[in-house]
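Number of protein chains: 2
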Amino acid sequence: MSDRVEDFLAVRRHSERGSYERSVIDAILDEAKYCTVGFVDDGRPVVIPTIHVRIGDTVVIHGSPASRLLRLLKTGAPCAIGVTLLDGLVLARSVFNHSMNYRSVVLLDCHGRELEGEEKWEAMHRITEKLVPGRWDDARRPNDREVKGTTLVSFPIDLASAKVRSGPPVDDEEDYELGVWAGVVPYRLVPGEPIPDPRLAEGIALPSYLRS
Amino acid sequence: MSDRVEDFLAVRRHSERGSYERSVIDAILDEAKYCTVGFVDDGRPVVIPTIHVRIGDTVVIHGSPASRLLRLLKTGAPCAIGVTLLDGLVLARSVFNHSMNYRSVVLLDCHGRELEGEEKWEAMHRITEKLVPGRWDDARRPNDREVKGTTLVSFPIDLASAKVRSGPPVDDEEDYELGVWAGVVPYRLVPGEPIPDPRLAEGIALPSYLRS
Chain A
363 MSDRVEDFLA VRRHSERGSY ERSVIDAILD EAKYCTVGFV DDGRPVVIPT IHVRIGDTVV
423 IHGSPASRLL RLLKTGAPCA IGVTLLDGLV LARSVFNHSM NYRSVVLLDC HGRELEGEEK
483 WEAMHRITEK LVPGRWDDAR RPNDREVKGT TLVSFPIDLA SAKVRSGPPV DDEEDYELGV
543 WAGVVPYRLV PGEPIPDPRL AEGIALPSYL RS
Chain B
363 MSDRVEDFLA VRRHSERGSY ERSVIDAILD EAKYCTVGFV DDGRPVVIPT IHVRIGDTVV
423 IHGSPASRLL RLLKTGAPCA IGVTLLDGLV LARSVFNHSM NYRSVVLLDC HGRELEGEEK
483 WEAMHRITEK LVPGRWDDAR RPNDREVKGT TLVSFPIDLA SAKVRSGPPV DDEEDYELGV
543 WAGVVPYRLV PGEPIPDPRL AEGIALPSYL RS
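Residue numbers (our numbering), protein chains in the order written: chain A, 363 to 574; chain B, 363 to 574.
Some hints here could point you the wrong way.
One copy or two, either will do: identical chains are not told apart, so a pair holds if it fits within one copy or between any two.
As the list claims (entries may be wrong) - DMTMM-like cross-link-like pairs, simulated, lysine to aspartate or glutamate; straight-line CA separation at most 25 Å:
#1 K510 to E539
#2 K395 to D449
#3 K482 to D537
#4 K436 to D403
#5 K436 to E383
FYI, nobody ran anything at the bench for these hints, they're computed from the structure. Keep in mind it's a predicted model, so treat the numbers as computed, not measured.
Based on the sequences and whatever the hints tell you, model everything.
What follows is the structure, encoded as C-alpha cells:
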C-alpha cells in the first residue's frame, strides 16, 4: 500500500463527511444496485458500470468469461470500485454553496480472485437475492453450462472509505439575510409497478415478493 | 489513440446494446446528475464521483482548487468518465438471464483543460442551471473570491460510447414454458417535496421553478 493510496483514503476535502466505519460502508454497498469499476488498460484509465454484491468482507462482480473486464480482473490486476447514492440537491442562497446530498463508497487497491465451486454457486445465489429477495427460490437456477458461462471475481474490502453529505445547505453567514429560497430537493430511486413480459403465459400471478 | 482503447469502444459484449450516436450519448450525459471519474494515481486506478455538465462537445467538472482530482486532471492527465442511469430490474425465468435495464456512457482517453475567464463563468452558470433550471437567476451569483475558489476542467467528448438495455427479459426458448413470473421492475430517480432550510426566513415562498 503506497502512502498516496492511504492519502486518498484520508477523505481530505470535507473530512467531516468521511467515514471508515464498516457498518456505514456496508450499508451503502448493499443499497447500491450497481458499482463503477475503474481499472487501467494499457496505461489508460477505464471505467465500467456493473452489478455487484457484498458478501461479508468482500465485493463480488460477475459477467461473461469473455468479458474483458473480468478476464483482466480475475488475474489480480488492481482496480477501484465506487458506488454513489444520490439523496438530494442542496440549494444554498449562493450559487457557490450549492451541493448534493449523497452517500458514496470508494474501494481502492482492489485485487480480485476468481470464485469456483461452492463459492461460485453461493455468489450467484447472493447476487440474485440482492436484485430481488425471494427470486432464487422461484426462478430456474443455473445449470452446469450457465455456471461455466459465468465468471465471478471477489475483492476483499480493505482500503475502503465512505463519504456522506446530508442535511440543509450551509451558507456564508451574511447570505442568510438574502431573500432567496434555500433547502433540499430530496431524490429517491423508486421502483414502479412490475411490467409483465409480453410472452408471460396466462395464469402466472405476480409473486408475493414483488408485491411490496 | 491505441488499438486497445478503440477496442474497448467497440462495445463487444452485447454489441446490439452499443451506440456511438452523439444524440444518444448527449441525452444520457445530460440526464445523469453525477458521473464517476476514473484516473490513475501512482500507477493505481482510482474512481471518484462528482457533478458534471455537458457543454456542447465537452464535459465539465468542477471543485476546489485544493482537490487532488482537479489538480491532477487540469494538467491533462488521462481519465475516463462514466455515467449510468438505472431503468429497471429485468427478471427472466432463469436466474442466468436476469439483467438490468440501463443507459450508460463511457468517455475514454479524456484529457482536461482548465477553464478561465468568460468560459469559467459560463460553465458555473451551466452547472447551476443543470442542477435546477431557473436557479442561476435567483441565487446569489459567485463573487471574485468564489470564482477564484473554483477550478473547472473541461474534457472534449471524443472517444465516447453509450450502452443501452431496454425491454423485457430474453429467456432461452425452452424456458418460456416455465411457470415463473417474468418481466421488468422499472426504477426511476424521482424528486420529492422540497424541504426548506430550517434557517429560511419567513415569507420566502417556494420558487416557481421548484413547483413543477
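Give me the numbers of the hints this structure contradicts, sorted from smallest to largest. Checked against the structure, the only hint that fails is number 5, while the rest are satisfied.
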